[in-house]
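There are 2 protein chains.
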Amino acid sequence: MVIGSAPAAGSVGEVRTRYLDLPDPVRLDCGRELSPVRVAYETYGALSPRRDNVILVCHALSGDAHAAGVSAVRPEASTRDGFGAEDRDGTAGAGLGWWDGMIGPGKAFDTDRYFVVSTNLLGGCRGTTGPSSVDPATGRPYGPDFPVLTVADMVRTQRAFLDVLGIDRLAAVAGGSLGGMQALEWAILYPDQVDSIVVIASTHALHPQGVAWNAIARESIMRDPAWQGGRYHDTGRSPDAGMGVARMVGHVTYLSAPALGEKFGRRLQFADDLRYTLTEPEFEVENYLRHQADSFVRRFDANTYLTMSRALTYFDLARQYGGGALTQALTDVSARTLLIAFSSDWLYPPAASEDLYAALRSLGKPAELHVIDAPYGHDCFLLEERRQTPIVRRFLAA
Amino acid sequence: MVIGSAPAAGSVGEVRTRYLDLPDPVRLDCGRELSPVRVAYETYGALSPRRDNVILVCHALSGDAHAAGVSAVRPEASTRDGFGAEDRDGTAGAGLGWWDGMIGPGKAFDTDRYFVVSTNLLGGCRGTTGPSSVDPATGRPYGPDFPVLTVADMVRTQRAFLDVLGIDRLAAVAGGSLGGMQALEWAILYPDQVDSIVVIASTHALHPQGVAWNAIARESIMRDPAWQGGRYHDTGRSPDAGMGVARMVGHVTYLSAPALGEKFGRRLQFADDLRYTLTEPEFEVENYLRHQADSFVRRFDANTYLTMSRALTYFDLARQYGGGALTQALTDVSARTLLIAFSSDWLYPPAASEDLYAALRSLGKPAELHVIDAPYGHDCFLLEERRQTPIVRRFLAA
Chain D
275 MVIGSAPAAG SVGEVRTRYL DLPDPVRLDC GRELSPVRVA YETYGALSPR
325 RDNVILVCHA LSGDAHAAGV SAVRPEASTR DGFGAEDRDG TAGAGLGWWD
375 GMIGPGKAFD TDRYFVVSTN LLGGCRGTTG PSSVDPATGR PYGPDFPVLT
425 VADMVRTQRA FLDVLGIDRL AAVAGGSLGG MQALEWAILY PDQVDSIVVI
475 ASTHALHPQG VAWNAIARES IMRDPAWQGG RYHDTGRSPD AGMGVARMVG
525 HVTYLSAPAL GEKFGRRLQF ADDLRYTLTE PEFEVENYLR HQADSFVRRF
575 DANTYLTMSR ALTYFDLARQ YGGGALTQAL TDVSARTLLI AFSSDWLYPP
625 AASEDLYAAL RSLGKPAELH VIDAPYGHDC FLLEERRQTP IVRRFLAA
Chain B
275 MVIGSAPAAG SVGEVRTRYL DLPDPVRLDC GRELSPVRVA YETYGALSPR
325 RDNVILVCHA LSGDAHAAGV SAVRPEASTR DGFGAEDRDG TAGAGLGWWD
375 GMIGPGKAFD TDRYFVVSTN LLGGCRGTTG PSSVDPATGR PYGPDFPVLT
425 VADMVRTQRA FLDVLGIDRL AAVAGGSLGG MQALEWAILY PDQVDSIVVI
475 ASTHALHPQG VAWNAIARES IMRDPAWQGG RYHDTGRSPD AGMGVARMVG
525 HVTYLSAPAL GEKFGRRLQF ADDLRYTLTE PEFEVENYLR HQADSFVRRF
575 DANTYLTMSR ALTYFDLARQ YGGGALTQAL TDVSARTLLI AFSSDWLYPP
625 AASEDLYAAL RSLGKPAELH VIDAPYGHDC FLLEERRQTP IVRRFLAA
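Chains as they are written, first to last, in my numbering: chain D, 275 to 672; chain B, 275 to 672.
If you are wondering where the hints come from, they were derived from the structure by calculation, not from laboratory data. One thing to keep in mind: the hints can contain errors.
[Said to hold, decoys possible] One-sided and incomplete, this derived list gives chain D residues near chain B with beta-carbon spacing under 8 Å:
#	residue
1	GLN483
2	VAL485
3	GLU560
Here a beta-carbon is modelled for each residue, glycine too, at the ideal position from N, C-alpha and C.
Please construct the entire structure, taking both the sequences and the accompanying hints into account.
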């Protein structure tokens with residue numbers, strides 16, 4: 275909802291995150307039920323009288339409901355440098371939304387036409403029920419007692435949330451990375467309620483090296499003694515050291531090697547002068563990684579990180595729905611599918627989108643694939659707005 | 275030296291690591307002097323009367339002096355599975371040497387012809403003076419008081435060591451990864467004493483993403499509270515948690531994504547049954563990484579890891595010797611140069627070897643480059659013995 279009276283051109287203006295409590299428990303793949311469940315959300319644009327113009331945008335591992343506009347709560351705008359993705363992905367409620375370049379009047383997800391809904395995922399730490407929420411059974415934060423989630427659990431929660439809003443059909447479900455997984459899961463779980471999906475820099479199943487990176491990030495958090503088996507809430511300590519390393523690992527996998535080279539090269543912190551130190555950064559890239567780690571731990575909950583990371587490694591359409599065969603898993607999809615991948619993305623490489631495209635086409639499903647030649651790696655989905663916009667607009671208008 | 279009376283065919287047989295104390299302090303790039311310095315070493319084959327058949331082999335980050343044969347100390351042979359590189363690289367004094375497939379009678383570095391010398395690097399933890407050695411000033415392990423080293427410091431130590439052995443010239447200096455950096459450094463520091471260098475899966479300067487991975491590994495160690503600022507010796511605690519994560523990061527960078535995919539795919543630990551756990555491995559690759567981490571921390575000193583990692587990120591021939599220009603840095607090289615790189619090595623990609631080749635050729639220096647098309651990533655230099663052997667033998671015989 276637009277709150278500001280004079281939004282900047284192309285901006286949805288000042289926005290505020292809202293909260294909604296689901297009326298029923300959410301049934302989870304692990305066999306448990308979760309209740310109560312609160313969902314944090316934002317909306318942009320206006321719902322049409324026929325309620326047929328809704329686009330659900332889904333965030334990635336460390337995102338939140340604040341996808342567009344300027345937060346009314348903490349209105350300072352985030353700076354957006356060349357590698358601003360991690361910052362926007364991170365500003366989480368403050369400043370510009372994480373996909374502000376894609377959502378707004380005249381933008382890819384055009385709020386002059388569509389009613390765009392964004393929720394914080396189940397398991398999140400930005401307003402939706404997650405491991406840092408209070409467990410009604412104990413009166414204390416769930417911590418490690420929070421259930422281990424799947425992407426399907428997150429999608430079922432979004433479905434229940436939209437039910438409360440009285441929204442039955444979705445014109446589109448869109449997202450990048452883990453967000454794209456949700457779009458795919460929507461098309462399979464609710465084939466009759468999704469007109470189209472926009473799957474960007476995503477996959478039907480993370481490749482084994484991606485599983486390994488995620489495992490390393492989680493190990494780093496859980497090996498930090500301050501994690502305390504996940505019961506760090508209210509102890510005055512949190513696994514910042516391990517979270518920092520997890521973020522550094524993630525960050526390097528989000529960028530391409532050439533992009534890192536272009537931005538930092540092998541430049542030293544102090545001209546050509548080595549300081550012969552193990553503990554202080556010698557290279558600019560080392561200093562940058564520390565900065566990324568420090569700013570991340572200030573804003574993100576470690577148990578939510580573990581939950582999101584686990585869910586995205588579990589995601590495997592062929593295993594879940596196809597008895598091992600991707601084509602089988604996609605048999606009932608009726609949504610038109612737009613796939614966008616980026617040439618330099620080695621965490622979610624184009625090959626996975628090509629697999630999806632081939633499987634959908636072999637089933638005679640309407641699908642489009644665009645592999646954008648861009649140098650910034652996985653973060654392209656947050657950075658390459660200019661080139662994604664015409665593709666998305668044309669696809670949605672079809 | 276061959277100790278066993280009946281070595282297996284192609285094996286140098288049973289060997290024993292020896293130790294030598296240098297007569298003089300070693301001057302270091304950081305400005306300090308180090309004394310005393312002990313060097314752990316092994317030799318294979320026989321020194322010719324003219325002392326003109328010496329090959330120095332140089333180990334990588336986590337290696338040691340035990341490059342070939344079977345250790346006489348702990349004679350159990352290490353198993354060598356398809357991904358045995360990390361184990362051999364790791365057996366460190368036990369079982370087969372880390373380059374046993376390349377050193378021995380009739381092998382690439384043929385001990386019927388050459389006298390092969392292998393030392394544990396300065397800063398190491400397998401017999402050569404390093405951070406876990408006793409600081410004579412305090413009577414306790416150096417820990418963080420050990421000087422921060424460069425590859426040149428390691429090479430000057432090898433030079434001083436060979437002086438004691440009465441070896442002036444080297445027929446070849448050979449190594450992979452950090453070992454290849456030493457070979458290059460030898461050719462520049464001692465151009466009149468090196469006939470040839472064999473530089474495998476190495477570089478003139480690690481690319482920025484490699485600098486980042488190394489920074490992450492070191493951060494992981496230093497953020498472990500058990501590191502205690504480096505003074506963990508004699509405390510009964512050591513930064514095993516951080517070292518484990520560092521090793522996992524390293525390990526994934528040593529392998530190619532396709533190789534990891536071929537070996538593990540997305541196979542679950544328990545068939546197709548998710549257990550919905552954050553703390554236990556769900557995927558085989560997760561279990562494998564834990565195993566790698568656990569076995570590594572049992573055998574390697576954290577401060578040595580930091581020292582080696584820092585030295586290999588510092589290494590930059592253009593900065594050190596060329597005022598920024600690689601060609602300038604190589605001007606005085608007189609050694610014949612053999613460069614071998616592997617197509618799937620993304621930590622030390624072929625591009626760096628191509629840079630070296632182009633620079634040497636532009637100077638009219640004798641150089642050969644072979645890019646071997648092989649799938650196992652950086653670890654190829656430890657695994658692809660069969661294809662490296664004829665190249666190395668032909669080069670050395672020339």
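(Q) Under the constraints set out in the numbered hints, which ones does this structure not fulfil? (A) none
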